[in-house]
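Fit chain B to the given chain X structure using the hints.
Protein chains in written order, with numbering that gives the first Met the number 0: chain X, 0 to 507; chain B, 0 to 507.
A few of these clues could be false.
[As the list claims (entries may be wrong)] Chain B regions said to be covered by chain X (calculated; three or more residues, Cβ under 8 Å):
| no. | stretch |
| --- | --- |
| 1 | 246-260 |
| 2 | 266-277 |
| 3 | 356-364 |
Honestly, the hints are just simulated from the structure, not real lab data. By construction, the Cβ of each residue, glycine as well, lies at the ideal position given by its N, Cα and C atoms.
Here is how the chains run, residue by residue.
2 protein chains.
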Amino acid sequence: MAWRGVAAGVGVALALMGGVAQAESPAAKVRAWRQANEKAIVGDFIKLLSMPNVATNVPDIEANAAYLQAQLKARGFATQLLTAEPGTPPSVFGELKTPGARRTVVFYAHYDGQPIGQKGWVTPPFQPAVRTALPEAKAIDWQAAGALDPAWRVYARSAGDDKGSVQAMLSALDALKAIGRKPTVNIKILWEGEEEQGSPHFAALVTKHKETLKGDVLIMGDGPMHQSGKQMINFGNRGIVGFKTTVYGPLKPLHDGHYGSWAPSPTVMIASLVTSLRTDDGKILIPGFADEVSPVSEAEKAALAALPPIEPELKQAMGLGRNIGGPRLADGYLAPTLNVRAIHGGDTGPDAANAISTEAEASFDIRLAPGMTPAVVHRKVEDYLKGQGWTIVRDTPDLATRLANPKIVRLNWDEGESTATKTAMDGPAAAAVAASIGRTVGYPVLKLPIVGASSGMAEIVGTLQAPMVGVSIANYDDNQHAVNENLTLGALFGGIEVYAGLLSDLTW
Amino acid sequence: MAWRGVAAGVGVALALMGGVAQAESPAAKVRAWRQANEKAIVGDFIKLLSMPNVATNVPDIEANAAYLQAQLKARGFATQLLTAEPGTPPSVFGELKTPGARRTVVFYAHYDGQPIGQKGWVTPPFQPAVRTALPEAKAIDWQAAGALDPAWRVYARSAGDDKGSVQAMLSALDALKAIGRKPTVNIKILWEGEEEQGSPHFAALVTKHKETLKGDVLIMGDGPMHQSGKQMINFGNRGIVGFKTTVYGPLKPLHDGHYGSWAPSPTVMIASLVTSLRTDDGKILIPGFADEVSPVSEAEKAALAALPPIEPELKQAMGLGRNIGGPRLADGYLAPTLNVRAIHGGDTGPDAANAISTEAEASFDIRLAPGMTPAVVHRKVEDYLKGQGWTIVRDTPDLATRLANPKIVRLNWDEGESTATKTAMDGPAAAAVAASIGRTVGYPVLKLPIVGASSGMAEIVGTLQAPMVGVSIANYDDNQHAVNENLTLGALFGGIEVYAGLLSDLTW
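Bound conformation, chain X alone:
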């Protein structure tokens, strides 16, 4: 294929391909620059990761935003911090105009991270550390080492999700400056600060700053690469809604010998509530739950079928003796998924008592397929639970409420939620992005019609009505959302090359 030849070429001249002017890839020069500067790059990344960024802590978020704003300013960007309203997490915005450019590309990423409470971090989540390749993952003095091994990993919260994308962009800008390469497009950067909280204010922020943010394509820099390790682009995200439930038993714990055959048990009630919503193999039991889901096109089916099979390796790596749903990982992405984030009731371990607990809780998130809307999902979930005999309340029930209702569930929807977004896979901007990455990496980029995860990007797409292409640079096994989140150095270095290409050889 023609682009292979281009990828292998040198020089900065424009080549005419299929009637469209194509810039030559800067990949080789960027790589050489990176190899000469990799310790400085990793040092910058570690500095960025050292800043706590759990989105619920607004002062932390603001510190990150100020730092990133300064980074963009130092690279020649006109910058501002955008908010929906004062006191909410700011998005960092930067704009760099390219004389003569016809297109404006908006690069999205998010700089906030998931909560850090999970147990088992090998090093504290905001004290980034480099460790050797899996499975050893030994601590290593990377500054004293010779060349850095791309299989080594930086461990820290947000390493993979999503400060890796932020650092790759910053380093790509440095690389282009160092090699004297100019961007081919106008650049807008939008780095969100509350994505891991479900983007509660992001839709309003985008609406408020719609004119500032508009562009010809949105490149969403979030999420992992394909499990095969190949670069992959995607054309949308599922939406998400989340909710927490608490069910109630006796006002005080009861001895189960005396009361276990007579008093309702919250631990059993919560298990029953969970299994009334979905089966072990993932089937959602709410009738008609997927009625609004958009049909899957032939092009989407073909793209899914073209993904390299990685499921046997995944099972091996994850220690799974089975999978649920369809045989291929991505089979379920164009349908909704109901996940039980947590279930808790009663004491275990040394404090375990032969007692009936007073309450139990479960927490859920639902990934919405294209076509589904949060309001309809709310209604279907609540109608279904009511049909199962539950009385839904929004606060801890008082005594009168408890006595008047046999089965009470406190149900609270999460603040942040989003619909799915999906861009056509074959538009000109999408094709240009695919071609650019193909030139950078030397093979046809994989195409995923939609990723299973959700993103604040859904909001921006709906408001700005620009096509969206997701560009993921993180290793799939980056433990995103979990303990010991990490990014391989190879993923970071590859991401720099991908971004440098998108900045300086993209044209359509």
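This is chain B only, laid out in the frame that chain X set:
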């Protein structure tokens, strides 16, 4: 009824009733003594409750045992500490022979307590405090108060379960000495130190010391009075087995957006395991689970029907809008009950993540009805789970085991377990105990064929082959096994009178 006249009488002469010599009740004099000494009694109780007694901490248990041994020795008992083997929790044994007595009565209680880890103790569990009546339950300086209100409560671990019985016995002995009243029977006292752990060594202890422990009736001083506040005796306990289960998902937490439709979810698996074992309304779903249960006799049915209805008040007090099982609380006592002590998986609260957790766990106890045996229950539970597709392991599975088995549950049976025990309700010793308590309290004592709770007493009954009568003195709402365990002063004072009667007017 004749015993009412006797209860109202005075003096110490024996009265002939129905051909059996009946001692007059010491209740009135004991009460007068108690009223004159109630602060000293409460002070003694608080001293006893101040000693930590979680059975897993053997040094604590041994300190309690030494203290109680000294208390019995000071009251003229020949004492020893009995163990099954060195290093296991000792039982405190004391014997006081009564010249001329024909009968030997063995009084059982336990001095160990449940774990204390539950949150919400109004005062630390081993810093006993007196508080006013519910619902105010205000802290009060009881030593500075005038007369003590019987509705006040002592809050501490084991106040109700079961150091209240221990203190009632010690104070009853003091009362009888003070009023110059001699016991009518030989007294043996056996205070167990590991009941709340399921009595793992108690059967061996009783077998080893069978000759030391034998008697004509066993009076089991444990458990609460009837919810109506009336004194109640019982004729047995259900047995108990417990087990813990852990189910396994991916080796590392996974982002549920990417993997939720493909990777099995431990939170759902554990909920499914729970709901496969029992329904919300208490039905155990293991086929034939109750096949071995002994039939319920007409006398038992009649005794159950004669219990005062307390269910509406219970629901009000417990904040329950419904009950499960039969309409009467005791309806389920002659059948097995499966309780889900706890269920846990994933994070909630500020650390909640949109992730698939690596494992989840649930903890169960099963109350065994008469006729059931732990070994058969083990087999039925495990066969059932295997039939549901589970592979049962005893340790955390290694990678090869995970990969080879689609659904793995680690299942570990609790160490302590017991069968049910049930004594005939109409034997002569049982009738004598009922009559004694009737004389003390002035109304016919309620009779419960079996209590729902379990006890190490099951072992002693089987080994010693003596009839057993359960005598409960604790208020039913004593929060036993739970946070803020307590005993009303009225329950303690009433218990002293009941024990004083059993020690000094029991004859058959």
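These are the hints, each one checked on the structure:
1. 246-260: Coverage by chain X holds for the stretch 246-260 of chain B (14 residues, Cβ < 8 Å).
2. 266-277: holds (count 9)
3. 356-364: As far as the stretch 356-364 of chain B goes, the hint holds, because 6 residues have Cβ atoms under 8 Å from chain X.
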